[in-house]
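**Q** Guided by the hints, dock chain B onto chain A, whose structure is given.
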Amino acid sequence: MMLKRAAFVAVIALAVWALWVFFRPQAPASAKPAATETVFELVLAQGRLVSGPAVLRVHQGEKLTVRVSSDTADELHLHGYDLHARVSPEAAAVLQFTADRTGRFALELHKAHRELGALEVYPQ
Amino acid sequence: MSFKQGRIVGAPLAALFCSNAAAHSFGNIYTLPIPFWMYAFSASAALVLSFVVVGYFVSAKSAARNFHTFDLVAFNAGADRGAVTALRALSVFALLLTMLSGLFGSANPFTNFSVTFFWIFFVLGFTYLTALVGDIYRAINPWRAICDWIESARPGTFRSRLSYPTWLGYYPALAFYMAFIWLELFSHASPRGIGLVLLAYSAINLGGAAAFGREPWFKYAELFGVLFRLIGKIAPFEYVASPGQPVRIRLRQPFVGLLMEPADQFSLLLLVLFMLSSTAFDGVHQTLPWVSVFWKQLYPLLTALIDQPYLFFVDIYYYWQWAMLFLSPFFYLAIYLVFVWLMKVATGSQRSVRDLALQFTFALIPIAFVYNVTHYFTLLFSQAPAVVPLISDPFGIGWNLFGTARVSSPPVILPADFVWHSQVALILFGHVVSVYLAHAQALQLFPREKQAVWSQLPMLTLMVLFTTVGLWILSLPIAGGQVQAPGTS
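Taken in order, these protein sequences are the chains called A and B. First residue of the first sequence? That's 557 in the working numbering, and the numbers climb one at a time after it. First residue of the second sequence? That's 1090 in the working numbering, and the numbers climb one at a time after it.
Bound-form chain A, shown alone (with noise of 0.2 Å):
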């Protein structure tokens, strides 16, 4: 009996390993060089986008900047990193970071309890 739950586990064990082998990327994902600074233009009107994407998708270790420009005045939050930057009519708010934790995490407007959108971090 123990020999057949050996050989359970191992089969599982082998059907799983030979189905993960069979179905993983040969290459890493198209990782793009640490050093890349990508840069992301958000334009907002009556606390909306308007324009820009509203999935910011970045690999780990990429340096960012996200600049935010708006009609009204408010507070931006970047979830999970805890980044804030005030917005308003006469100056666009910049955020200056490296994506050094993966994950999606919500880009919010403070007053306006709205979601402009995510940032996507993928591992490299």
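Misleading hints may appear alongside valid ones.
Said to hold, decoys possible - To give an idea of the interface, some chain B residues facing chain A are shown, with a C-beta separation under 10 Å as derived from the structure:
1) M1127
2) S1131
3) A1134
4) P1398
5) L1400
None of these hints come from the bench; they were simulated from the model. Idealized CB from N, CA, C, for every residue including glycine.
**A** This is chain B only, laid out in the frame that chain A set:
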């Protein structure tokens, strides 16, 4: 957004479909959708492993019957009452602190103990603890403890005045479960909201126990008692208390507790299906494909039929989301019953579809449980550290009871690839366990082994379906701000 605002659908909800996408009442989940290749791998692995499990049973026919349990410790409940009383007191204290800090503490959810403690420690942490150590909640249920204390002070308070109707079954618990998930997903409950809900739920529990008696109320109607009893069946520990006997802690193989008895009521089957469907709904309800169904498919049709401003449809969208949540267990039930009927046909069994459906109910719990863990376990890391400062200042009013009020406790954000791998591994593990349990159950129900194997083809297909849908949902892109209000994109 406050709890009250969440209940009144109106201006604050305007265009909410493009706001607060990943937010729950308990905070933000930072996970990324799993990559497509990982979805393809795990869906195929689920299928292949299912057949490996069935093959194992064909070759090791008696495997299912070898479930050993043995006594680990037997302790005299009378002599050890001190420890249980202390735990019950702690549990009531935690309930009161959560309720009072919610009602009277800071309105900021990040500086109020109630939000983190209720959602992260009780709802998530205690559920996972129960899966490891068994149903200890039964002994320390705070509402039950309060009832017992009142009963010893005023005997007869909880004598059953009405007999608990058999037809009512677990429906009260299911109704509380639906309300609870609604609160989690749609209310963005403030600390005060949590305080009020706990106050109302406490009043309902005391009233219910006074009307129907403590035993039936806490067995069938108190939601957390029912949920933790189900989850506790996973654990390798069982607590056996019989009148006049010492309490025994029994050790058993993990998960075999799910095979010890069938579901006793149809309403319990619905509750288990809601475990599965509510997590699936939570996973899907803010993804791009789901959000697009309403705003790209239904919205143009509705505007052609009804001449109303855009905000009217935002309200309709909310009702649509709520309706889908509440209907989700019935949708799962329909699918489940079709496959159980196919199993009946495949085996030529004399048992009714209802009976068979109840016999296999608990085999679905591992799939439902791992699905819950994959969705929420990252929150334990990202939100739980916040309790360090909160414990010193639970009301958020400047106390520093233990000197930790100003300790920095940044969220632990787990690397995305680690999260993906653990999600896929957990889902496959839960799937294999469910298939294994279903087959073990089939061997007990169907005397002829050939019949048992045939019975598993529909059950296997159903479980592969549930698992694949779960994985697929994990791989969907999240909508966030991508679906814009008409006229602004």
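**Q** Check the structure against each numbered hint from earlier and tell me which ones fail, lowest number first.
**A** 4 and 5
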